[in-house]
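Assemble the complex: chain H is given as a structure, and chain S with the ligands must be docked to it using the hints.
Chains H and S are the protein sequences, given in the same order.
Under this note's numbering, the first residue of the first sequence carries the number 1453, and numbering increases by one thereafter.
Under this note's numbering, the first residue of the second sequence carries the number 8, and numbering increases by one thereafter.
Derived from the structure by calculation, the hints contain no laboratory data.
Using N, Cα and C, we set each Cβ at its ideal position, and we do this for glycine too.
Careful: at least some of the hints might be erroneous.
With a Cα cut of at most 30 angstroms, we get these calculated DSS-like pairs of lysine-lysine [unchecked claim]:
id, chain 1, residue 1, chain 2, residue 2
1, S, K133, S, K147
2, H, K1551, S, K133
3, S, K133, S, K164
4, H, K1551, S, K147
For the chain S half of the interface with chain H, some residues (derived, Cβ under 10 angstroms), not all of them [said to hold, decoys possible]:
id, residue
5, S113
6, S128
7, K133
8, L141
9, E144
10, A174
These are the residues of each chain, in order.
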Amino acid sequence: MEGGLPFEVRRPSAGEYILVFNAPLSYDNAGAVWEGLNHFLREENPSSLVVDLSATPRIDSAGIALLRAIQRICERRRLELRFESIPPSALHFLTLIEKKEPPAPEKPPLTTARLITLLGFLVLHAWDEVVGFYRFCREFIVYSIRDLHHTRRFRWNEMLYYLQLTGANAMSIVFLLSFLLGLVMAFQAAVQLRQFGANIYVADLLSLAITRELAPVFTAIIVAGRSGSAFAAEIGTMKVNEELDALEVMGFNLAEFITMPKVIALMIAGPLLTMWANFSGIMGGIVVGIFTLDLTAYGFMAEIFSVLSMKDIITGLIKSEIFAMLVGLIGCFRGFETGTGADSVGRQTTSAVVSGIFAIIFADAIFTVIFHYLGW
Amino acid sequence: MKKDFPDSSSGTPVLCLEKLTIGYGDNVVLKDVDFCVNPGDIVTVLGGSGCGKSTLLKAMIGLLPPTKGRIFLRGEEISGNVSGRALAETRKRIGVLFQSAALIGSLTIAENVALPIIEFSKAPPKMVHDIVRLKLEMVKLGGFGDYFPSDLSGGMKKRAGLARAMALDPEILFCDEPSSGLDPVTSAEMDQLLLELNESLGITMVVITHDLPSIMTISDWSIMLDRSVRGIIAKGPPDELQKSPDPRVHAFFHRQPTPED
Ligand SMILES: Nc1ncnc2c1ncn2[C@@H]1O[C@H](COP(=O)(O)OP(=O)(O)OP(=O)(O)O)[C@@H](O)[C@H]1O
Ligand SMILES: [Mg+2]
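Just chain S, same shape as in the assembly:
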């Protein structure tokens, strides 16, 4: 059994959210969200549709400034009034796999992966090619570098998106529903890939998902959001959440309609 869920007092977490309130205009989606992610952990963010998972992701990657509260990356605050340059520096340290993979359609897979390397790193141009090959091999897309995104299947696109997210060896990787739209086998492969990368590179991950098998396989910790309370209703290792007496958590993990509905 693992120790307690990490908080800001436990060593140096990679990512820490402190009393985070986020929303669009007057519409508060989440309030007072608190959690930390320790190095090398995989944390999954769960919750039903519309509870604000994607919104939370947008806030964590700096696309949506929080209304209140702070976000820390390795102890440095990255929310609030940071300059554009500081934000750009921060963004080089994080990788994001978007739900739709968000590959640039006019570029080949290799060019997509090379994009951040050429743009944001000091890697000598001669080595970019090898780095790209390495990333593609890591996600098992070796040999597909010259394909265009439209020529790949959904699972391959996601893996290519993953390769691009990993291009600069980020300290933390965010994934928005990596298994959505994939068949069970492909999504299991995706889970396996995330685990492999986590193991071999020690990369910290925050994964948004509502795919139950995937939650059970990859999570060190899970955080469950709920729309009615606009915040976290449970956190802990997934096997513990599964046994939770809370009817909302129970409903989620046992695929039942929510009691209120």
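Excised from the complex, chain H in its bound form:
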């Protein structure tokens, strides 16, 4: 070796170089050889090169790639290159990758026109989604109405299973979060209202805010995170496994077979969970009332009953019903939109939660306007 190069350099005549590789050209030393070679080329600047492989014990895939890299660098530097006694198999593999590569497709430059085109595609895509979702909902409603007449077609057991999954199993988390929400709300209100000696109005503020607004929205968001995503993941996985195709070919209607039990279960669970959240939130408020406002539980409850009307609770439940339906439908819709592959399932699951929450907030805004004009 010469100057620490991982190969031997011979110079039979001026300007002519023979590189003799004695070590295997393999994954383990391809990097070292490549660096050595680059170093050698920088130092010596030869006009022609012979690479002698007669003493090379082994050439593996990385070795082939190395030979190809040597070819490339010689082409670029316009060096004459010859491989001496290259093993036939190595030569065969080398010719495999010597073939011209198909050129990579060029990315068109980002011009204003292209930007507008992209924007157009985005809008069209969004519109397609809206239309798709509309059709999906329509089918759901048509089949729901039909099943009202043929109740035996409805998959009751399946629905009960999902009711357990989305309703009963969510009770603890809904209780915990609503209780804390009520607690925090009441506490923040108490800090302000105490300054005016208006301690008892904490109960009014809390009960109205919870029943009309916070409990339905909060519960719906929890349901979107728990159940909307689960629906999307379950249906998406079924799609990837071709289970949906199988069901369709067997003659099942997917809206009826898959979507309905899930969405109906959610529409039952949603208002129930909201009631439960109303209760839990107010419990949180009572705790604050007792411990920081010197109110009695009885006094707090009495105030709540005096201010809270049935209307407040009903509007909350109406909202929660619609939210539950939206979350369920969006979750299922996203599941059906799954393409191929596991990553697609993940994307649709995320999207089910994001668009679910978006739909909840959007619908809530609409409800606020409607209820305002109705004077509720």
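What follows is chain S with the ligands alone, placed relative to chain H:
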């Protein structure tokens, strides 16, 4: 005619199983399995459904620790209490083609093949691209590097899986049912490909299969497992097994229902 079936005394086999017992919990699937694979040979593992072929594969590639017995790769024990690092080192020396090809769906074919090269070899990044192209050319998928697995047919997926299994030039290649789910022509092409790779690279292979034509074409040796004895009931060159008087082997090779059933 070849010589006797290799055992641990015949030179340096690439892979040797010694009195291997494997199972899940108390459920023993295979017991006292003994065989060796010589360099450059293709050994097929045969047997009916549920006899433990996939289980044996899992044990050989270190996914399922054997209950008893030992596994040697070129004389070094790879079963038993080996450290995680030793196992990782071993795994770089073996390639596995899974039954479903097991390509990562979010990566392109080229990225799938590049994955082990980037992760586990010292190949300079500049050369990875050429190595990947070489592997894809070897399995006749040149030009498909930018496709995603979902865009390929079943046969192409298997070939891509093969390219990935071969990425690090393994000493031994394990294939789980390479021809399952393929039409006869495609599976014959797959057999041809395995033979070509075996010839040009001298790579040793253990192929799990119950595809008769494929067994006859590619095997140097065959090992037949059976569920009732939980072990090997026959080993030898396939044309010899085909003539075996054992009713279970005969039934397998002549596609008849087993005598017991
Ligand atoms: N994860 C597991 N846990 C418990 N038992 C298992 C497990 N996987 C397989 N088995 C059992 O091990 C036995 C052998 O299964 P294995 O999958 O190895 O069969 P096989 O020969 O590959 O069959 P096939 O040709 O159908 O793929 C079967 O009886 C099966 O029930
Ligand atoms: Mg199997």
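If any of the earlier hints don't hold here, list their numbers in rising order. No numbers; nothing is violated.
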